[in-house]
Amino acid sequence: MPDDLALLVAEVDLIWGVANLGREPDAPYVVVADTGVEQQLVANPDYPVEPAELAAMVMTSSPAYAIEPPLVYETSAEVVLSGGPVERLRDLRPDEWKPEHWTSLLAGRHGPWAMLLKDGRLVATCHAARFQATAAEAGVWTAPAYRGQGFAAAVTAAWAKHPVLRGRNLYYSTTEDNISSQRVAARLGLRPLGHLRKYAQV
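Oh and the sequence shown: position 182 is 182 in this note's numbering, straight run, nothing missing.
Treat the hints as calculated values from the structure; they're not laboratory data. Fair warning: there could be bad hints in the mix.
[Claimed, not checked] Okay, derived cross-link-like pairs now, EDC-like style, lysine to aspartate or glutamate, Cα gap no bigger than 20 Å in a straight line:
#1 Lys161 x Glu74
#2 Lys118 x Asp91
#3 Lys118 x Glu74
#4 Lys118 x Asp95
[To be verified] Quick list of simulated restraints, FRET-style, between CB atoms:
#5 Ala107 x Gly167: 48 to 54 Å
#6 Trp141 x Gly83: 29 to 35 Å
#7 Ala52 x Ala6: 23 to 29 Å
#8 Ser76 x Ala55: 47 to 53 Å
#9 Val79 x Ala107: 17 to 23 Å
Note that CB positions come from ideal geometry on N, CA and C, so glycine has one too.
Please model the entire structure based on the sequences and the hints provided.
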């Protein structure tokens with residue numbers, strides 16, 4: 001199994017790699033994969049930067065976690081996985097999702113997903129925000145009325161069990177100021193890998 005630094009470096013490729021579904025279009029100048037013990041600088045070939053130049057750049061830091069199945073998180077909600085009928089889900093689109101994006105998600109064009117339903121309402125979703133042959137990163141949304149009740153953790157656990165994801169490295173990442181998201185990682189007992197420190201010009 002890859003060590004934490006190797007997993008962080010692989011996540012950099014997952015997020016900004018050219019061929020990946022869901023890749024971020026604007027790669028930073030440099031990303032430092034930092035486990036807290038080891039570091040590796042991953043430079044953007046389009047923007048050559050010397051290490052000494054990093055001090056003059058803006059840095060943002062994202063905690064990263066490894067999702068290691070099997071995850072177990074009990075829920076009272078109904079679990080729905082991609083790959084089955086979706087007709088009853090079409091009218092459950094959250095306001096935050098554009099119609100075309102929701103249609104694309106249900107069609108499976110954003111990789112495998114899991115949803116939680118309660119009393120006919122959409123409670124939470126987890127989909128492959130980024131997806132490649134060897135890895136995937138969880139993207140989680142919870143309806144405002146159901147936040148803070150463990151549903152984000154439950155839908156992430158359900159997503160991690162999706163058969164399509166078997167054998168892939170699975171990631172859960174957030175931002176330093178997103179305490180709620182970090183609590184989800186804690187609820188699930190996800191293994192902290194370290195931080196991705198992104199540097200960009202002022």
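Checklist entry - Do the Cβ positions of Val79 and Ala107 conform to the proposed distance bound of 17 to 23 Å? => result holds (20 Å)
Checklist entry - Measuring from beta carbon to beta carbon, are Trp141 and Gly83 in 29 to 35 Å? => result At roughly 20 Å between Cβ atoms, Gly83 and Trp141 fall outside 29 to 35 Å, so the hint is violated.
Item to check | Straight-line alpha-carbon gap Lys118 to Asp91, limit 20 Å | outcome: The hint holds at about 15 Å.
Checklist entry - Between Lys118 and Glu74, does the CA-CA distance stay at or below 20 Å? => result holds (14 Å)
Checklist entry - Is 48 to 54 Å a correct range for the gap between the Cβ atoms of Ala107 and Gly167? => result violated (23 Å)
Checklist entry - Does Glu74 lie within 20 Å of Lys161 when you go C-alpha to C-alpha? => result With a Cα-Cα distance of about 13 Å, the restraint between Lys161 and Glu74 holds, given a limit of 20 Å.
Checklist entry - Cβ-Cβ distance between Ala52 and Ala6: within 23 to 29 Å? => result holds (26 Å)
Checklist entry - Is the hinted pair Lys118 and Asp95 satisfied, with a Cα-Cα distance of at most 20 Å? => result holds (18 Å)
Next on the checklist: Please check whether Ser76 and Ala55 have a Cβ separation lying inside 47 to 53 Å.
Outcome noted: holds (51 Å)
Hint compliance for this structure: hints 5 and 6 are broken, all remaining hints hold.
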